[in-house]
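Student: Here the protein sequences line up with chains A, B, C and D, keeping their order.
Residues 1 to 293 (the numbering used here) are what the first sequence spells out, left to right.
Residues 1 to 293 (the numbering used here) are what the second sequence spells out, left to right.
Residues 1 to 293 (the numbering used here) are what the third sequence spells out, left to right.
Residues 1 to 293 (the numbering used here) are what the fourth sequence spells out, left to right.
Hints listed in this document are in silico derivations from the structure and should not be mistaken for laboratory results.
All C-beta atoms in this analysis are idealised placements derived from N, C-alpha and C, irrespective of residue type, glycine included.
Any given hint might turn out to be false.
Listed below are the simulated DSS-like cross-link pairs for lysine-lysine, each with C-alpha atoms no more than 27 Å apart in a straight line [unchecked claim]:
1) D/LYS261 with C/LYS281
2) B/LYS212 with B/LYS157
3) D/LYS79 with A/LYS24
4) A/LYS192 with A/LYS288
5) C/LYS281 with B/LYS281
6) B/LYS212 with B/LYS105
7) D/LYS157 with D/LYS105
8) B/LYS261 with D/LYS261
9) C/LYS281 with B/LYS24
10) C/LYS288 with D/LYS261
11) D/LYS12 with A/LYS24
12) D/LYS281 with D/LYS79
13) D/LYS281 with A/LYS24
14) B/LYS24 with B/LYS281
15) A/LYS97 with C/LYS261
16) C/LYS261 with A/LYS281
17) C/LYS137 with C/LYS157
18) B/LYS24 with C/LYS24
19) C/LYS24 with C/LYS79
20) D/LYS97 with B/LYS261
21) D/LYS157 with D/LYS212
Some but not every residue of chain D turned toward chain B, in silico, with C-beta under 8 Å [to be verified]:
22) ASN111
23) GLU121
24) VAL268
4 protein chains.
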Amino acid sequence: MHRTVELDMTPKTARLLIYCPDSKGIIAAVAGFLAEHHGNILEADQHTDPHNGEFFMRVEVELDGFVLNRATFDDAWSKVANSYNMRWHVYWGNETKRMAVLASKEGHCLNDLLWRWKTGELDVDISFVASNHEGLKEYVDVVGLPFYHLPVVATNKQAQEQQLLSLMDECQVEFLVLARYMQILSPDFVAKYPERIINIHHSFLPAFAGPKPYHHAFERGVKIIGATSHYVTDQLDQGPIIAQSTLPVDHRDTVDDLVRKGRDLERVVLANAVRLHVEDKILVSQNKTIVFD
Amino acid sequence: MHRTVELDMTPKTARLLIYCPDSKGIIAAVAGFLAEHHGNILEADQHTDPHNGEFFMRVEVELDGFVLNRATFDDAWSKVANSYNMRWHVYWGNETKRMAVLASKEGHCLNDLLWRWKTGELDVDISFVASNHEGLKEYVDVVGLPFYHLPVVATNKQAQEQQLLSLMDECQVEFLVLARYMQILSPDFVAKYPERIINIHHSFLPAFAGPKPYHHAFERGVKIIGATSHYVTDQLDQGPIIAQSTLPVDHRDTVDDLVRKGRDLERVVLANAVRLHVEDKILVSQNKTIVFD
Amino acid sequence: MHRTVELDMTPKTARLLIYCPDSKGIIAAVAGFLAEHHGNILEADQHTDPHNGEFFMRVEVELDGFVLNRATFDDAWSKVANSYNMRWHVYWGNETKRMAVLASKEGHCLNDLLWRWKTGELDVDISFVASNHEGLKEYVDVVGLPFYHLPVVATNKQAQEQQLLSLMDECQVEFLVLARYMQILSPDFVAKYPERIINIHHSFLPAFAGPKPYHHAFERGVKIIGATSHYVTDQLDQGPIIAQSTLPVDHRDTVDDLVRKGRDLERVVLANAVRLHVEDKILVSQNKTIVFD
Amino acid sequence: MHRTVELDMTPKTARLLIYCPDSKGIIAAVAGFLAEHHGNILEADQHTDPHNGEFFMRVEVELDGFVLNRATFDDAWSKVANSYNMRWHVYWGNETKRMAVLASKEGHCLNDLLWRWKTGELDVDISFVASNHEGLKEYVDVVGLPFYHLPVVATNKQAQEQQLLSLMDECQVEFLVLARYMQILSPDFVAKYPERIINIHHSFLPAFAGPKPYHHAFERGVKIIGATSHYVTDQLDQGPIIAQSTLPVDHRDTVDDLVRKGRDLERVVLANAVRLHVEDKILVSQNKTIVFD
Chain A
1 MHRTVELDMT PKTARLLIYC PDSKGIIAAV AGFLAEHHGN ILEADQHTDP HNGEFFMRVE
61 VELDGFVLNR ATFDDAWSKV ANSYNMRWHV YWGNETKRMA VLASKEGHCL NDLLWRWKTG
121 ELDVDISFVA SNHEGLKEYV DVVGLPFYHL PVVATNKQAQ EQQLLSLMDE CQVEFLVLAR
181 YMQILSPDFV AKYPERIINI HHSFLPAFAG PKPYHHAFER GVKIIGATSH YVTDQLDQGP
241 IIAQSTLPVD HRDTVDDLVR KGRDLERVVL ANAVRLHVED KILVSQNKTI VFD
Chain B
1 MHRTVELDMT PKTARLLIYC PDSKGIIAAV AGFLAEHHGN ILEADQHTDP HNGEFFMRVE
61 VELDGFVLNR ATFDDAWSKV ANSYNMRWHV YWGNETKRMA VLASKEGHCL NDLLWRWKTG
121 ELDVDISFVA SNHEGLKEYV DVVGLPFYHL PVVATNKQAQ EQQLLSLMDE CQVEFLVLAR
181 YMQILSPDFV AKYPERIINI HHSFLPAFAG PKPYHHAFER GVKIIGATSH YVTDQLDQGP
241 IIAQSTLPVD HRDTVDDLVR KGRDLERVVL ANAVRLHVED KILVSQNKTI VFD
Chain C
1 MHRTVELDMT PKTARLLIYC PDSKGIIAAV AGFLAEHHGN ILEADQHTDP HNGEFFMRVE
61 VELDGFVLNR ATFDDAWSKV ANSYNMRWHV YWGNETKRMA VLASKEGHCL NDLLWRWKTG
121 ELDVDISFVA SNHEGLKEYV DVVGLPFYHL PVVATNKQAQ EQQLLSLMDE CQVEFLVLAR
181 YMQILSPDFV AKYPERIINI HHSFLPAFAG PKPYHHAFER GVKIIGATSH YVTDQLDQGP
241 IIAQSTLPVD HRDTVDDLVR KGRDLERVVL ANAVRLHVED KILVSQNKTI VFD
Chain D
1 MHRTVELDMT PKTARLLIYC PDSKGIIAAV AGFLAEHHGN ILEADQHTDP HNGEFFMRVE
61 VELDGFVLNR ATFDDAWSKV ANSYNMRWHV YWGNETKRMA VLASKEGHCL NDLLWRWKTG
121 ELDVDISFVA SNHEGLKEYV DVVGLPFYHL PVVATNKQAQ EQQLLSLMDE CQVEFLVLAR
181 YMQILSPDFV AKYPERIINI HHSFLPAFAG PKPYHHAFER GVKIIGATSH YVTDQLDQGP
241 IIAQSTLPVD HRDTVDDLVR KGRDLERVVL ANAVRLHVED KILVSQNKTI VFD
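Sequences and hints are given; from them, build the entire structure.
Tutor: Structural data, given as structure tokens:
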């Protein structure tokens with residue numbers, strides 16, 4: 001089954017993400033710098049956090065006509081950046097991000113991501129899929145991607161994480177998606193991919209963190225269920241939230257109904273978070289996200 | 001300002017609410033009993049909880065033509081009810097329920113309920129409004145309802161609750177609505193009105209229970225906010241949930257924005273819960289509601 | 001790729017759907033009949049349309065213990081049914097419905113249905129998939145279902161419909177799903193499957209009926225998009241609506257964005273409509289649906 | 001009943017709205033100009049319409065420290081504006097907009113606007129309320145605003161519009177809100193307030209334009225209802241859409257239920273549109289809105 005990627009007519013861009021202390025003139029400085037180097041701004045978003053005195057900006061610049069490139073940008077830009085004490089990243093949009101996916105037994109999120117990738121909706125390279133179970137192998141085989149079975153037991157967790165890290169290094173994976181992966185990654189592992197591991201949790205966090213959220217939702221008798229996608233930190237289900245959604249339920253819904261209805265939420269919320277990450281639309285500060293969508 | 005109640009063309013009904021152990025033939029027994037007494041069933045809803053072996057039913061019977069009435073119903077019905085071990089209530093719809101409202105400083109929920117009552121949307125009698133602050137008095141005066149100022153300090157809480165109970169007894173209040181009332185009622189008070197005190201909490205419970213939920217939502221960086229209406233029990237924000245709703249927010253929303261947007265949710269969620277209670281559409285079991293809407 | 005159907009623990013049931021003129025005692029008669037024949041009612045829903053004097057009912061009866069079966073039910077039941085002038089259908093739940101799917105070039109709805117079928121979420125037999133294009137063949141091959149390529153040009157439309165009818169007859173297909181099928185079926189064809197052909201239209205009908213709804217939505221500058229699933233009649237996009245949903249959009253969304261976002265709506269709305277049909281939860285009257293969910 | 005406006009701690013700002021042909025360097029020019037004059041940018045949003053080659057921008061500049069003011073801004077700014085062929089408006093945020101409201105018999109939208117105004121949520125001056133009926137006078141009296149009764153019959157429509165125009169001129173009303181006003185304003189009247197008359201229509205436009213949308217929605221059997229706020233043009237219900245929202249309904253909902261549920265939508269959608277207008281967050285081009293919220 002081949003991948004059908006539509007011919008992409010979107011202009012190729014560089015995306016500049018900026019964090020700095022708030023002060024006057026930042027936008028003028030950034031926009032002036034880009035204009036001076038013939039960079040056409042396609043999108044620009046900024047946000048000021050007055051409480052913490054922080055400034056955030058995302059600028060998308062058309063590469064066509066821009067006189068700077070990967071080799072020359074950093075030097076030229078550093079003067080502006082330093083004068084405002086900026087932390088910044090630039091993403092060169094003519095390179096596709098590489099991601100890996102971890103899953104366990106539930107295939108709905110994995111299958112959904114594979115489908116969006118296969119049809120070209122999700123503009124990303126998937127390096128491989130790994131799982132602590134073998135059940136989802138056929139989903140991955142059929143689209144022609146590598147599948148690694150990394151079963152986890154009490155004694156081999158560290159070794160398997162090491163194995164996963166090797167695979168990720170080897171493939172130069174930029175970020176990792178946990179598509180209903182039911183193992184908890186170690187703090188050491190997580191520390192290697194800050195703001196680069198995206199999880200989907202099947203509740204409206206912070207409610208029902210931890211295992212079996214649909215069972216807890218049923219027991220509590222809530223009238224809505226939800227799904228939350230967030231970056232993974234070393235605090236379980238406490239990382240910066242990227243996207244959330246809910247839908248109504250009622251007393252007729254069994255736990256199985258919640259699970260079934262929830263699948264449709266989870267797929268869309270996770271896919272949305274992955275898309276935002278791929279398009280470099282997420283900034284993180286103080287364990288919260290600024291999403292420039 | 002006079003109350004403009006539209007002429008109500010809805011047929012007057014009796015509403016029978018039933019709880020019993022599940023067994024075969026209950027619906028036939030109930031429907032047969034009503035048919036035998038010329039009661040036309042306008043609505044019938046039932047629910048079976050297979051886990052707990054419980055059966056729930058709500059039947060709305062047209063009073064016109066029904067040969068039983070308040071005086072004769074109980075005797076006739078008891079035989080059926082006893083043979084199935086039913087707990088049951090019958091509400092005679094030609095009598096309007098009496099409710100009282102407690103509020104504090106925030107007027108949006110109170111004002112909304114008063115407006116729905118004044119225009120006849122909410123088919124209820126409001127006996128009085130009481131508050132621990134005086135600020136909302138003008139809302140209540142203008143619609144011609146009694147307003148009682150019952151300020152609460154550490155030393156007079158019990159006395160003020162006693163005063164409130166006296167007012168409620170005197171007015172034969174059937175249920176109490178907490179329209180953003182910021183005091184916690186004592187367990188003794190709550191025990192006198194089981195499943196008769198409706199609260200609105202400004203979060204999607206069970207998340208952000210307790211004070212200042214919008215502040216906590218802001219700090220956590222959630223992408224949705226919510227409101228929850230529930231019956232009050234002696235466990236703070238833990239009672240059976242009647243209605244919930246959410247709406248999306250993002251990083252641009254300050255705490256003040258959350259408060260502003262949340263008001264529109266709270267008003268609608270509370271009004272909906274009050275309407276369901278007034279129409280006898282809520283059954284409670286195991287700290288959960290069955291809502292036959 | 002094999003189908004993984006979870007072991008279904010749901011009790012097998014018969015589902016009785018009733019339409020008749022409204023009168024007193026219907027529920028008692030139905031429930032009494034079932035009780036008399038030891039049929040345990042698992043779910044019962046009814047609806048009265050006071051304007052048209054119509055009564056609608058759906059009853060789900062546990063087969064275990066029920067003393068009637070496919071061979072004996074009709075005779076026994078006819079007396080009750082005739083005395084109330086009922087139109088009625090009974091569906092024996094121990095037989096799985098057979099459906100066929102038509103698609104064109106867009107694969108998201110087809111793929112979604114196949115996935116729900118393959119995982120056992122959708123309790124249905126898919127007899128075959130047919131398309132006027134070949135592009136989606138690989139989706140169908142991979143799950144091991146028959147795929148028929150029935151290209152349509154001006155001169156062969158009638159012949160291809162005849163071919164389709166033959167396939168459907170041969171496979172005893174009960175209903176047909178148009179998963180973004182871009183051809184209009186002839187009135188003759190439609191007349192053979194009344195309330196048995198389910199379409200998904202990519203707008204909130206009645207707005208943007210006909211071709212290219214996302215383009216029209218973009219041109220009109222709406223702030224929401226929608227999807228509508230309905231039974232097909234001989235009036236294009238005018239049949240009884242089964243399910244609808246919307247989501248917010250804004251000025252930043254291009255037509256391509258509307259198409260992308262809309263896919264997530266369409267899949268869920270269509271899948272929901274198919275589920276409701278499979279569970280015999282839809283009654284139709286006066287070009288409107290009563291959905292007992 | 002006095003108006004309780006919270007002390008507003010939001011910094012006073014000027015809001016600059018810009019429309020021009022798209023070209024490189026606009027953002028740099030605008031931001032550079034503001035920086036040069038010590039204007040701190042609090043918010044900046046822009047949008048490019050690649051199809052029509054149009055550029056849109058909204059900048060909010062803190063007045064504190066800004067060396068330009070109402071008297072000096074235009075001259076200084078014109079050089080930048082002219083070099084990019086800009087159409088532009090600047091709103092000086094230390095002046096509150098003046099609005100008037102028209103209503104007929106339904107009071108829910110009017111009452112809601114009055115409440116948001118009275119509590120200070122809506123930062124606007126309401127000059128007066130006018131109606132072709134007298135029924136809503138008491139709502140207006142109680143908050144101390146002028147109420148004008150302008151009954152409309154076939155023969156006096158022009159005269160009453162003239163009367164309304166005189167009132168608006170006299171009060172220097174900036175924009176007009178139609179809070180369920182059931183008369184159609186003449187093209188001459190509308191032409192005097194382009195993009196300054198906001199209507200609420202009780203359907204998800206373009207569906208159910210014109211009178212009695214809830215009746216038509218009921219007859220069509222839709223599963224959602226909606227509300228749409230738009231600027232009024234001389235084409236009925238065809239003006240640029242500002243905000244829309246929907247909610248689910250089902251076969252149990254009578255027309256009266258749709259009307260009741262719809263009220264909660266209409267109030268919120270209209271209030272939101274009015275807020276966006278007041279905050280100068282709406283640009284209009286090609287009969288569509290760009291909403292910078």
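Student: What's the verdict on A/LYS97 and C/LYS261, does the C-alpha distance respect the 27 Å limit or exceed it?
Tutor: 22 Å, holds
Student: Has the given pair, B/LYS261 with D/LYS261, been kept, meaning a C-alpha gap of at most 27 Å?
Tutor: 19 Å, holds
Student: Would you check the hint for B/LYS24 and B/LYS281, treating anything up to 27 Å between C-alpha atoms as holding?
Tutor: Within the cut-off at roughly 24 Å; holds.
Student: Within 27 Å, alpha carbon to alpha carbon, are D/LYS12 and A/LYS24?
Tutor: Measuring from Cα to Cα gives roughly 16 Å; hence the hint holds.
Student: Please verify whether B/LYS212 and B/LYS105 have alpha carbons no more than 27 Å apart.
Tutor: 14 Å, holds
Student: Can D/VAL268 be said to touch chain B, with a Cβ gap under 8 Å?
Tutor: Given a least distance of 5 Å, the restraint on D/VAL268 holds.
Student: Would the stated hint for D/GLU121 survive a check requiring a Cβ distance to chain B of less than 8 Å?
Tutor: Hint holds; D/GLU121 Cβ to chain B Cβ min 6 Å, cut 8 Å.
Student: Mind checking the alpha carbons of C/LYS137 and C/LYS157 for me, to see if they're no more than 27 Å apart?
Tutor: With Cα atoms ~21 Å apart, C/LYS137 and C/LYS157 stay inside 27 Å; holds.
Student: Straight-line Cα separation of B/LYS212 and B/LYS157 no greater than 27 Å?
Tutor: 22 Å, holds
Student: Would the hint on D/ASN111 stand, with a C-beta cut-off of 8 Å toward chain B?
Tutor: 6 Å, holds
Student: Tell me if the straight-line CA distance from D/LYS97 to B/LYS261 falls inside 27 Å.
Tutor: 22 Å, holds
Student: Taken at face value, is the distance from the CA of D/LYS212 to the CA of D/LYS157 at most 27 Å?
Tutor: With Cα atoms ~22 Å apart, D/LYS157 and D/LYS212 stay inside 27 Å; holds.
The structure fails none of the hints (numbered hints given earlier).
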